[in-house]
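Just need the whole structure built from these sequences, with the hints factored in.
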Amino acid sequence: MIHQGTFRARPDDTDLKRQSEVLDNAIALAERAQETAVEAADTAKMLDDVYQDVLERLVSLEERCSTLEDGNDGDDEADGHQTANQRNNALADALRACLRSLMHITDFSRKNLPAPLGNGIFWAEIEHVIDGETVVQRMLRPDWKRSWMDNKAGWLLDVIQRIQNEGWRYSTYPKTKFANLSHTTIERHVQTWFKGIVAKYNPPKAPKRTEAEAKLLVKMNNRKREKAKARAEVRKKVEELAHASWDWVFHWGYQSSDEDDVEPVAVKAFVADLEGNQRPEGEPVTRKVYRSRPPAWRTDPVNQRLDQLDVHVAEARKKKSSGRGNQYRPRIRGAPRADDKTKLPLPGKNGKCIPRDMINPDWLATAKGAEYDDRKFIADAGEIEGEDEESDDEERGRVDPDIDPRLYEAGGMGPGEGMTDESD
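Just so you know, the sequence shown maps onto residues 1 to 424 in full-length UniProt numbering.
Please keep in mind that the hints were generated in silico from the structure rather than gathered at the bench. Since we're looking at a predicted model, the values are computed, not measured. Don't take each hint at face value.
Unchecked claim - Straight line, CA to CA, 27 angstroms or less: simulated DSSO-like cross-link-like pairs of lysine-lysine:
| # | residue 1 | residue 2 |
| --- | --- | --- |
| 1 | 219 | 152 |
| 2 | 341 | 215 |
| 3 | 341 | 208 |
| 4 | 237 | 111 |
| 5 | 111 | 152 |
| 6 | 219 | 229 |
| 7 | 318 | 219 |
| 8 | 152 | 229 |
| 9 | 219 | 368 |
| 10 | 219 | 341 |
| 11 | 195 | 145 |
| 12 | 229 | 376 |
| 13 | 237 | 376 |
| 14 | 319 | 237 |
| 15 | 229 | 341 |
As the list claims (entries may be wrong) - Now the in silico label distances, taken between C-beta atoms and shown as ranges:
| # | residue 1 | residue 2 | range |
| --- | --- | --- | --- |
| 16 | 260 | 108 | 16 to 24 angstroms |
| 17 | 33 | 320 | 37 to 45 angstroms |
| 18 | 357 | 145 | 48 to 56 angstroms |
| 19 | 19 | 311 | 49 to 57 angstroms |
| 20 | 125 | 201 | 35 to 43 angstroms |
| 21 | 371 | 89 | 29 to 37 angstroms |
All C-beta atoms, glycine included, are put in the ideal place defined by N, C-alpha and C.
Written out as structure tokens, the structure reads:
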């Protein structure tokens with residue numbers, strides 16, 4: 001009996017080549033997609049910052065326009081500009097007090113703002129029994145996630161009536177002034193207030209790190225730790241660094257960032273062109289290096305001491321790798337980091353802060369530097385100890401939500417390490 005089956009021909013070299021090309025194209029597309037995703041995240045953060053700035057400017061502008069327009073809307077034309085300003089201030093104070101009363105809160109801080117009820121519901125009702133009678137108490141619950149038009153339809157009329165009828169109770173302004181306020185005037189003030197609260201309740205969130213960005217952060221911080229450890233091992237070789245005022249420099253957070261780079265070192269061969277001139281043949285030979293980016297706060301004297309130290313680091317590495325070939329990638333000093341991309345680390349418990357006289361005063365005078373002009377980050381004259389308690393940054397790093405805990409394991413780190421997003 002003859003059994004029939006499916007005959008499968010072996011793929012020839014052409015098929016294998018085609019499949020290899022398809023795979024290469026797919027990998028290239030995946031890499032481009034990842035790069036695009038990182039660029040999109042950066043763009044989103046920038047747009048969020050711009051949006052927040054524009055929104056704050058808009059609220060401020062509308063408040064100014066409200067003040068100017070109210071002086072000419074027919075309510076109190078004869079009172080003059082000064083009276084209009086007084087009325088607007090009284091209206092703003094009464095409006096806030098009225099809204100606090102309706103919402104049953106003491107202030108408009110973000111933590112006190114009530115959460116929206118959702119489903120187009122803007123009033124919460126609570127029943128109380130007083131003297132045997134059931135009393136229903138209504139509490140205003142604006143929806144900070146919905147548009148102004150949705151909120152306007154749900155509760156604005158109640159607020160306008162409360163302002164007109166009882167606004168004087170929250171102000172020293174005459175009762176008749178509140179009663180004569182137009183709906184348009186009150187609505188304009190309420191809308192401006194609402195937009196300001198929405199911006200407070202819904203602050204723009206920075207995009208989370210991609211997995212590639214998180215891995216890069218862990219890798220960069222690992223390099224800083226290795227550098228700090230290597231320098232500490234040869235510290236005694238440089239006499240000037242023996243004093244306790246230099247302890248800070250051996251904390252990993254103060255190390256410069258080592259970025260991956262390549263540089264040409266030679267060419268394979270030279271050939272003569274038709275005119276007899278020598279030109280290189282083929283691609284140049286390159287080597288991988290670390291491009292070291294020192295922080296903007298670092299001074300020249302500190303760089304000089306580190307240069308002295310790194311000579312001994314290189315000698316120690318050469319001895320370790322003797323007979324096994326070069327095991328270490330060379331470091332080349334690059335341009336310093338930008339002022340606004342430089343930070344000072346929080347050393348944390350028993351850490352050593354950098355002395356003030358070892359910080360570049362030009363960087364400290366910048367907007368970014370001013371954020372770190374604090375004893376938590378800088379030791380003044382006679383002070384070389386850091387914080388006695390663990391810093392918020394250190395505690396935050398142990399459970400950094402943007403970094404998968406498995407990445408710490410992959411990087412050979414334990415809990416609490418690799419957590420600081422160091423830009424310097």
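Restraint status (C-alpha distance of residue 219 to residue 368 at most 27 angstroms): holds (25 angstroms)
Between residue 357 and residue 145, is the Cβ distance one that fits in 48 to 56 angstroms? holds (51 angstroms)
For residue 237 and residue 376, compute the direct alpha-carbon distance and say whether it is at most 27 angstroms. It is violated: about 30 angstroms lies between the C-alpha atoms, which goes past 27 angstroms.
So if I understand the rule, the pair passes when the alpha-carbon distance is 27 angstroms or less; does residue 341 with residue 208 pass? holds (18 angstroms)
Given the hint that residue 219 pairs with residue 341, test it: the Cα-Cα distance must not exceed 27 angstroms. Since the Cα atoms of residue 219 and residue 341 sit roughly 18 angstroms apart, the hinted pair holds (cutoff 27 angstroms).
Honestly, do residue 125 and residue 201 meet the 35 to 43 angstroms range at C-beta? Violated: the Cβ-Cβ distance is about 23 angstroms, outside 35 to 43 angstroms.
Has the given pair, residue 237 with residue 111, been kept, meaning a C-alpha gap of at most 27 angstroms? Not OK: residue 237 and residue 111 at ~55 angstroms, beyond 27 angstroms, violated.
Has the given pair, residue 219 with residue 229, been kept, meaning a C-alpha gap of at most 27 angstroms? holds (15 angstroms)
Residue 195 paired with residue 145 [C-alpha distance capped at 27 angstroms]: holds (11 angstroms)
Taken at face value, is the distance from the CA of residue 152 to the CA of residue 219 at most 27 angstroms? violated (52 angstroms)
Pair hint residue 318 and residue 219, alpha-carbon separation not exceeding 27 angstroms: holds (23 angstroms)
Below or equal to 27 angstroms on CA atoms is what counts here, so check residue 152 against residue 229. With a Cα-Cα distance of about 62 angstroms, the restraint between residue 152 and residue 229 is violated, given a limit of 27 angstroms.
Violated hints for the displayed structure, listed by number in ascending order: 1, 4, 8, 13, 16 and 20.
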